[in-house]
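Going line by line, the protein sequences match chains F and B.
Counting from 11, one number per residue, gives the positions in the first sequence under the working numbering.
Counting from 790, one number per residue, gives the positions in the second sequence under the working numbering.
Check each hint, because a few of them may be wrong.
[Unchecked claim] Below 20 Å or equal to it, Euclidean Cα-Cα: the simulated EDC-like pairs (lysine to aspartate or glutamate) are: (1) 402/F to 804/B; (2) 243/F to 389/F; (3) 300/F to 272/F; (4) 380/F to 1000/B; (5) 938/B to 324/F; (6) 938/B to 276/F; (7) 859/B to 46/F; (8) 275/F to 973/B; (9) 204/F to 110/F; (10) 859/B to 804/B; (11) 344/F to 1030/B; (12) 344/F to 285/F; (13) 372/F to 976/B; (14) 859/B to 48/F; (15) 899/B to 941/B; (16) 372/F to 1035/B; (17) 405/F to 872/B; (18) 847/B to 992/B; (19) 275/F to 91/F; (20) 164/F to 205/F; (21) 344/F to 1024/B; (22) 204/F to 976/B; (23) 380/F to 1024/B; (24) 938/B to 992/B; (25) 938/B to 260/F; (26) 372/F to 389/F; (27) 147/F to 1024/B; (28) 164/F to 285/F; (29) 403/F to 1037/B; (30) 847/B to 872/B; (31) 372/F to 1030/B; (32) 275/F to 1030/B; (33) 107/F to 136/F.
If you are wondering where the hints come from, they were derived from the structure by calculation, not from laboratory data.
Only a predicted model underlies this, so the values are computations on that prediction, with no experimental measurement involved.
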Amino acid sequence: MADIRVVREECVGCGGCVAACPFGCIRMEDGIAIIDLDSCNFCGACVTECAFNAIILEKDRLEPAATAGARGVWVFGEQRDGVFSTVTFELLGEGRKLADALGDPLAVVAMGEGLAVDPLFAYGADTVYLADHPVLKDFRDGPYTHVFEELVRKYRPEVCLFGATSTGRSLAPRIAARLRTGLTADCTGLDILKDERLLVQTRPAFGGNIMATIHCRHTKPQMASVRPRVMKKAEPQPGRKGELVRHPVDPSAMTIRTQVVEFIKEDIETVNLEDADIIVSGGRGLADPKNFQHVADLARALGAAVGASRAAVDSGWIPYSHQVGQTGKTVSPKVYVACGISGAIQHLAGMSSSDLIVAVNKDPDAPIFKVCTYGVVGDLFQILPALTEAVKKAKAG
Amino acid sequence: MSGFNVVVCMKQVPDTTEVKIDPETKTLVREGVPSIINPFDTYAIEEGIRIRERHGGKVTILSMGPPQVKDSLKEAVAMGADDAVLISDRAFAGSDTLATSYTLAKAIEKLGSIDLIICGKQAIDGDTAQVGPGVAEHLDIPHLTYVRKLSELRAGYLRIERMVEGGYEVIETSLPCLITVVKEINEPRLPSMKGLMRARRQEIPVWTSQDLDVDPQRIGLTGSPTEVVRVFTPETRATGEILQGELEQQVAALVQRLLTAGVL
C-alpha cells in the first residue's frame, strides 16, 4: 500500500504543496502541511514542488515483469467500410518518430474485410499485420480484442497507439484490461526516453485545466490513445514497400455477442465535427434559433462544419450532435469561429486546442477573448453576414 | 424472470464549473469546490431508473472513493435508485483505470447476477472513458460505448444506437452487457421529496478490500501500471488580437489574417 507523509521537522509551511496539489487535498495547519489521505491520489506533484524534501512518498510497486525483449511501435489501423481513418495516418506520422527514437520498426495492425494496405506503407509502416476476414468487417469489442491479443502475445510490441475516437476509446481499454497493462487516454503529446525505452505520455485533465505526464514502466506494451488532429501525418512516399504479415483468423475461437445491424450516416458536412478543418459555432448570443442561419451561411462560405455551445443545444436550437465542449465533442480544427459564445470553461475544454480561434461577441469582457487568436467585438447580426460576403469574395478572387 | 437487475457505476467529481485558475500560481484552486455526481453518470442513473419503471427489477448504484462519496450515493437514491454501495478503503487509493475497473468488477460479482451495467461516457475530471470497457472485460461481458438510445430491451437481448464519427450505429447484443451513455439519451430527473426522505433513512453499506475477493497485487497504486510523473498547468495562449475599427475594417482585417494564415 502506498503511503505519503510530511516530515514535520523539514516543513517550513511555505504552502507550495497546497498550490501544487491537483486534487486539493493539502491544507496548512499551524504552519505544517497536512495531507488528506482519503483524497490523495499519490500523484507526487507535491513531492516535486517541495523545495525542502519535506514530503515522502512511498510507492509499493510490483517489480518490473519480464518485459525485456518487447520491440516495435504499433498503430491500430482504424477503418470503416475498408477505408482507413485520418487518425490512422496521423498515428503513423507520430509512430514513425517514436519508432526511430527507439530504433524499432513501425507496424500497423489492420483488421477488416477486403483491406487495401498499400497506403499504410506509403505513410511510414515497416510492417502490416493484416487480419482480413468478414467477421472483422465492423468494429466489435469481442473479435477485435481477440485478434489484437493474439498478435501482441505473438510479436510483443513495446508501444501500441490508438486514435482517441469512438472506436479507439472503446477498444483500447478492453485490450489493456485483458493484457493487464497501462493505458493513457486521449494523449496530446508523446515522446521517448530512449535509455529506459519509456513512452512519455502527456494528456489534459480537468477539462484541459491541467496537464499530466504519465509513464507505464512496469508492464508492456505501453498503450496510449491519441487525440485526433493533434499529430501530423507524414508526407506519403508512393511505392514505398514493407512487410505484409497475414494473420490467420479463426471465428470459432472468438466470443461473438454483438452484431452491428447498420451504420446510419448523418449529414457529414454539418455533423462530423471531429474531422472538420474549420468549425463555425453558435451560442447563446444568437438569441433565437432562426439566427443559426447566420452561422450556417458563414460555415457554408468557409466550407466549415457547424458547432454549438451547450447553451444553444440546451435551448433546443440545434441537436446535441453539434455540441462542442466538456459534455459534447472535443475538437481541434485549424480554425474555430465562436459566434456569440461567452467561453465558459466547459466550452473552452472542447475547443481550446484549435490552431486558430476567432471570437465574435458583443461583450468585450467575454472569456472567449482570452483564448482567441483574433477577436471581433460587435453585433453578431451585422458582423456575420458581412464576414460571409467578404469570405465568398476572397475565395472567388 | 421479472425485470432487470441493473447496476450503475457512479463517480463523485469536483464541480469543474467552480474550478478556477489561480492567476499568480497558475494552479487549480480547489478550495471550497463542491463535489457532485459526475454529470454523465446522472444520465446513467436516470436510464437505470427508467428501465426499472418500464420493466421492473432493481437499480443499484456502485461507487468507489473516499467516505464523503456517500452523499452522492444518497443523492442517487433520492432520484429513485433502490440501493447503493460504497467501495472505500485506503488500499484502493491511487488506483488508475485498470485497478479501478478490476475493483468495480469484483464488487459487481459480489452483487450477484446482473443483467445490465450502465456508466456515464466518461468522468469530467479524468476524462479517460476507460473504466467502463475495463469493467466489462474483467467480467467477460460485451460492452457498447457512447449509447444515445436503448431501442429494445428484453430478456437476454438489447438493441441500442451508438454515436460514432459521422453518424450512429445500430447494434444488437446479448445480456448481460455494459453500456456507457451520452447526454442525448435522456433528461435526468431531480430528486423528489419522497426520494429525499427515503435517502435520509437509507443505509449505504461500505465494502473494503476485505469484503471483496480481490488480489492485493491488482488494487490501488500497486495494481496500477500507469504512473503520473508530473502535473503542470498548460501554457496559456499568447493574448489574441482584438480587431479594431468600424465593421468593414474589422471584417477586412479578419479576412486578411485568415488569408495570410492560409486557411481560406
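Hinted pair, alpha-carbon criterion (20 Å max): residue 859/B, residue 48/F. Please report holds or violated. Roughly 13 Å between the alpha carbons, so the hint for residue 859/B and residue 48/F holds.
Distance restraint between residue 859/B and residue 46/F, which requires alpha-carbon spacing of 20 Å or less: holds (17 Å)
For the pair we were handed, residue 380/F and residue 1000/B, check the Cα-Cα distance against 20 Å. It is violated: about 50 Å lies between the C-alpha atoms, which goes past 20 Å.
Quick one, are residue 300/F and residue 272/F close enough, alpha carbons at most 20 Å? violated (33 Å)
Do the alpha carbons of residue 372/F and residue 389/F lie within 20 Å of each other, as the hint requires? holds (6 Å)
Given the proposed pairing of residue 204/F with residue 110/F, does the C-alpha separation stay at or below 20 Å? holds (10 Å)
Sort out whether residue 992/B lies within 20 Å of residue 847/B, counting only the CA atoms. holds (16 Å)
Run the distance test for residue 372/F versus residue 1035/B: straight-line Cα separation, threshold 20 Å. holds (14 Å)
Would the pair residue 372/F and residue 976/B pass a check requiring their Cα atoms to be no farther apart than 20 Å? violated (32 Å)
Next pair to validate is residue 403/F with residue 1037/B; report whether the Cα-Cα distance is within 20 Å. At roughly 14 Å apart (the allowed maximum being 20 Å), residue 1037/B and residue 403/F satisfy the hint.
Hinted pair residue 405/F and residue 872/B, Cα distance within 20 Å: Answer violated: residue 405/F to residue 872/B is near 61 Å, above 20 Å.
Do the alpha carbons of residue 372/F and residue 1030/B lie within 20 Å of each other, as the hint requires? Given pair residue 372/F, residue 1030/B holds - Cα atoms ~16 Å apart, limit 20 Å.
Of the numbered hints listed earlier, those contradicted by the structure are 1, 2, 3, 4, 13, 15, 17, 20, 22, 24, 25, 27, 28 and 32.
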